[in-house]
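So the sequences go chain by chain: A and B. So in numbering that gives the first Met the number 0, the last one in the first sequence is 327, and the numbering has no gaps at all. So in numbering that gives the first Met the number 0, the last one in the second sequence is 327, and the numbering has no gaps at all.
Read the hints as simulated data drawn from the structure, not as lab findings. Don't take each hint at face value.
Pairs involving identical chains hold if they fit within one copy or between any two copies, as the list cannot separate such chains.
[As the list claims (entries may be wrong)] Distance condition first, Cα-Cα at most 25 Å in a straight line; then the derived BS3-like pairs of lysine-lysine:
| no. | residue 1 | residue 2 |
| --- | --- | --- |
| 1 | K257 | K3 |
| 2 | K257 | K21 |
| 3 | K205 | K3 |
| 4 | K205 | K242 |
| 5 | K257 | K242 |
| 6 | K195 | K257 |
| 7 | K81 | K107 |
From a predicted model like this one, the values you see are computed outputs, not experimental measurements.
Residues per chain, in single letters:
There are 2 protein chains.
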Amino acid sequence: MSIKIGILGYGNLGKGVECAVKQNNDMELTAVFTRRASETVNILTPNVPVYNISQLENMQGEIDVLILCGGSATDLPEQTPKYARLFNVVDSFDTHANIPKHFDNVDKMAKAGGNVGIISVGWDPGMFSLNRLYASAILPQGSNYTFWGKGVSQGHSDAIRRVEGVQDGKQYTVPVNEALQAVRSGSNPQLTTRQKHIRECFVVAKENADKAQIESDIKNMPNYFADYNTTVHFISQEELNEKHSGIPHGGFVIRSGKTGWNAENKHVIEYNIKLDSNPEFTACVIAAYARAAYRLSQEGQKGCKTVFDIAPAYLCQQTGEQLRSSML
Amino acid sequence: MSIKIGILGYGNLGKGVECAVKQNNDMELTAVFTRRASETVNILTPNVPVYNISQLENMQGEIDVLILCGGSATDLPEQTPKYARLFNVVDSFDTHANIPKHFDNVDKMAKAGGNVGIISVGWDPGMFSLNRLYASAILPQGSNYTFWGKGVSQGHSDAIRRVEGVQDGKQYTVPVNEALQAVRSGSNPQLTTRQKHIRECFVVAKENADKAQIESDIKNMPNYFADYNTTVHFISQEELNEKHSGIPHGGFVIRSGKTGWNAENKHVIEYNIKLDSNPEFTACVIAAYARAAYRLSQEGQKGCKTVFDIAPAYLCQQTGEQLRSSML
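With the hints as extra help, turn the sequences into a complete structure.
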């Protein structure tokens, strides 16, 4: 019997979840839900319906886990608690500062509905958080470092596109190699924002726009660019479309610490990922945690959980016996 | 109130656990137990007793978690089930092929005694296993690769020392850089044993020994060296003592996989560690899981568990709330 998956929101992440469900042979896609007119949304999976979001409330019992693929700014704070009352849910809420509040909201509604809600699933928050936690538990005397990239930052790309005279643009966050090497050496460096990442911008200027002004506006933009070494490359729309249309990303979580009676021994733990598609990878993590949500719910558990609260074996199709003999 | 830790076996690992307990301020060392005459064993922690192993049975109620620091060949298969009947226990049983049987033995006795037993804790099995599992769950369509080193292999060093004419020796397992790079590129290579690791031996020959014969005996030793490219360096006892007395180790777990409707996107997940002291790092992982054993037992759980069965939050001192706001 397959785990019946519903997807709410069919952007890059929703499509990624659809692809992930295809790769997991214990799951099947039941329906995609959208705020758009459902007949305008074409999905990849044959013979699976697309419904308007208003249909969701009639689907209790037909979906084992609803995956929420909206944005963290306005969609998820409202949708995740709301639908946690009706379904087991998984989201990728990634506004780190608001996680505690989101957790409480989802917890209350999931408990009220007798469901499991898993929030903030993906790679950061998600796999990176797990690696910070495991490494911190193992090496209590040490420091954590997180680097992001090389990859496309959607927020920074949007910021570029709001600059006067800009027609289009993409921003890559790039870790500074010297900083990475210093951290890997275990030397435990203190690093400023500027020392850890550079920001590389590819910009298409409108005809007759003042490029020097654009470059200056970008480089001096507070919060987004002013605290970083930023490079701006002007290119044509054709080149942007051809070379910068992907959504790659990645990053590094490193902890260095010391052990021994006099802290005489050094250790470095590193986790890193290199992704061709940020949303598809996030979707794969979500699919694994959807399996966990289903199983926890089958066991009678209720309430909100994060990746910290879920034993790894729940993510896998295999039995405990199979996992012990094949992967331990 | 601290978690009261007992250590059985005071070799490199036992000493490492003692150091790890010192770094975790919610733990205290209650006693060290040894098969040796207890008065011949000097430990680092002031005012903590060393007892003969025969005293262990009288210590129920005085120890929250007993950490078993013996060897996997003969000590742990007997000790872990035996003491799981009396205490919550953690071991680092690392004979991969025998884990299922060991699990069953410990499970039966831990359940009989109402205790929690966590087996095969360390880095492989342990953290490497966890990373194989997480990455496999995330990228179902992909391949796992594990590389060990650069580090000292105790078993291979022992094998060298058994060769005729050898006075002393140390063996390093070294991952082949080209193989690592090929795996990291996501090209999903098929690699033979010889292509993944080389074996580097530092050997002290006895006076007048036949060095050519020693080198040939080592390189052709079945199982240990014959399937690898092996290099043998003859050095003096002084040089061996001076430059090769440490116990460094490390390694890499890498999974590459594909996502997308037509598997068009490539992803690489890597976990790697670089350790000055293999036993001290193993001990640190064990200490974190001792905390988990204590907490699970407090919740009324019983039986044998592995790293796969334990939610990450159990490893940390912090509350769920603290973890969510600081690490997620």
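Comparing the hints with the structure gives:
Taking the shortest Cα distances, K257 and K3 sit within 25 Å of each other only across copies (23 Å), while inside one copy they are farther apart (47 Å). In the homo-oligomer, the alpha carbons of K257 and K21 lie at most 25 Å apart only across protomers (12 Å), although the nearest pairing inside one protomer, at 44 Å, exceeds that limit. For a Cα distance limit of 25 Å, the shortest separation of K205 from K3 qualifies neither inside one copy, at 48 Å, nor across copies, at 69 Å. For a Cα distance limit of 25 Å, the shortest separation of K205 from K242 inside one copy, 19 Å, qualifies, whereas the shortest one across copies, 64 Å, does not.
In the homo-oligomer, the alpha carbons of K257 and K242 lie at most 25 Å apart only across protomers (21 Å), although the nearest pairing inside one protomer, at 44 Å, exceeds that limit. Taking CA atoms no more than 25 Å apart as the test, K195 paired with K257 passes inside one copy only; the shortest distance there is 23 Å, against 29 Å between copies. Within a single copy, K81 and K107 get their C-alpha atoms as close as 10 Å, which meets the 25 Å cut-off; across copies the closest is 44 Å, which misses it.
Checked against the numbered hints given earlier, this structure breaks only hint 3.
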